Amino acid sequence: MSTPATHGTEGAGTLVAVWAALVALTATLVAVIRYAPGNPGIVATMVITPTKAALVFWFFMHLREEGRAIRYFLFAGLLTVIVFVGLMMLDYGLR
Amino acid sequence: MTGAAAVAASPHRDDVRSRMGMWLFLLTEFLLFGGLFVAYAAYRSIHRVEFHHAGAELNALLGVGNTVVLLTSSLTVALGVHALRSGRDREAPLWSCATILLAFVFLAVKAVEWSVKYEHGLFPGKPALAALPAGERLFFGLYFATTGLHALHVIAGAVVLAVAASLIARGRITPDAPVIAENAGLYWHLVDVIWIVILPLFYLAA
Numbered sequence: 000m001s002t003p004a005t006h007g008t009e010g011a012g013t014l015v016a017v018w019a020a021l022v023a024l025t026a027t028l029v030a031v032i033r034y035a036p037g038n039p040g041i042v043a044t045m046v047i048t049p050t051k052a053a054l055v056f057w058f059f060m061h062l063r064e065e066g067r068a069i070r071y072f073l074f075a076g077l078l079t080v081i082v083f084v085g086l087m088m089l090d091y092g093l094r
Numbered sequence: 000m001t002g003a004a005a006v007a008a009s010p011h012r013d014d015v016r017s018r019m020g021m022w023l024f025l026l027t028e029f030l031l032f033g034g035l036f037v038a039y040a041a042y043r044s045i046h047r048v049e050f051h052h053a054g055a056e057l058n059a060l061l062g063v064g065n066t067v068v069l070l071t072s073s074l075t076v077a078l079g080v081h082a083l084r085s086g087r088d089r090e091a092p093l094w095s096c097a098t099i100l101l102a103f104v105f106l107a108v109k110a111v112e113w114s115v116k117y118e119h120g121l122f123p124g125k126p127a128l129a130a131l132p133a134g135e136r137l138f139f140g141l142y143f144a145t146t147g148l149h150a151l152h153v154i155a156g157a158v159v160l161a162v163a164a165s166l167i168a169r170g171r172i173t174p175d176a177p178v179i180a181e182n183a184g185l186y187w188h189l190v191d192v193i194w195i196v197i198l199p200l201f202y203l204a205a
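Residue numbers (numbering that gives the first Met the number 0), protein chains in the order written: chain A, 0 to 94; chain B, 0 to 205.
Honestly, the hints are just simulated from the structure, not real lab data.
Everything numeric in this text was worked out from a predicted model, so none of it was measured.
Label-pair ranges, simulated between beta-carbon atoms:
1. B/V111 with A/P36: 19 to 29 Å
2. B/E28 with A/D90: 22 to 32 Å
3. B/V108 with A/P36: 17 to 27 Å
4. A/G66 with B/Y117: 44 to 54 Å
5. A/V82 with B/G124: 29 to 39 Å
Ideal Cβ positions, reconstructed from N, Cα and C, are used throughout, including at glycine.
Next comes chain A alone, as it looks inside the complex:
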């Protein structure tokens, strides 16, 4: 029995636009950290890095075409790392 792929095709123009957005976000991150170090740089890192990763997941890795199970896998992985970091920071913070 075969279960063929049901994926559609992402337009080449969309893929190039996503790549341009990724490069622009990288340039923005570098500029903010270079010219506004400290809190603005930290905020830019916390916002731009997950945004870039989300663009790759959503468009290049076709996450938006996948079912809920695969989205849950990804969410579980991200949540695990966030919980690890959070618990570790709590541990150091309360010592």
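We have chain A; now place chain B onto it with these hints.
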């Protein structure tokens, strides 16, 4: 042809579960690097100033340049999968070759970067590194471990893409059954995502 003969004649194929298995594997890869990122967060919270000083030793221009190289390689992989899905199976291997070329560029830049660190003595086992404060030693330890593990993934990804390109060229992967090429692409994109996280942690840490 009877029903049983039809089942025997058609190869078993389950694209949905194939992709699900690949995503599960990618999850384990993400958690592998996640452990290193947790270690980075822990040591940075303790050695904030040393991490800042050590980060200034890295060449941010090379790090950003390699980011653009990897982002572009992700685009070429995505365009290759797009070409395959659109029925242009002769074009798809060319995009894989472009990606492999970009992988070599990435590794060459990485080799230059590491060799400069070696010449400056900032390399595991060198006295100059051992003489640095504990926080800076930890930064460079994490830097070499994380970027070294990532470079191994780049090499593995290039090999996987080369195999996929060969299978497409030989007609073993077709526009009707592209899941192996799609999964190879997924692996490469994850390598790209991991580098997206590495860039601000190490190269922009100063």
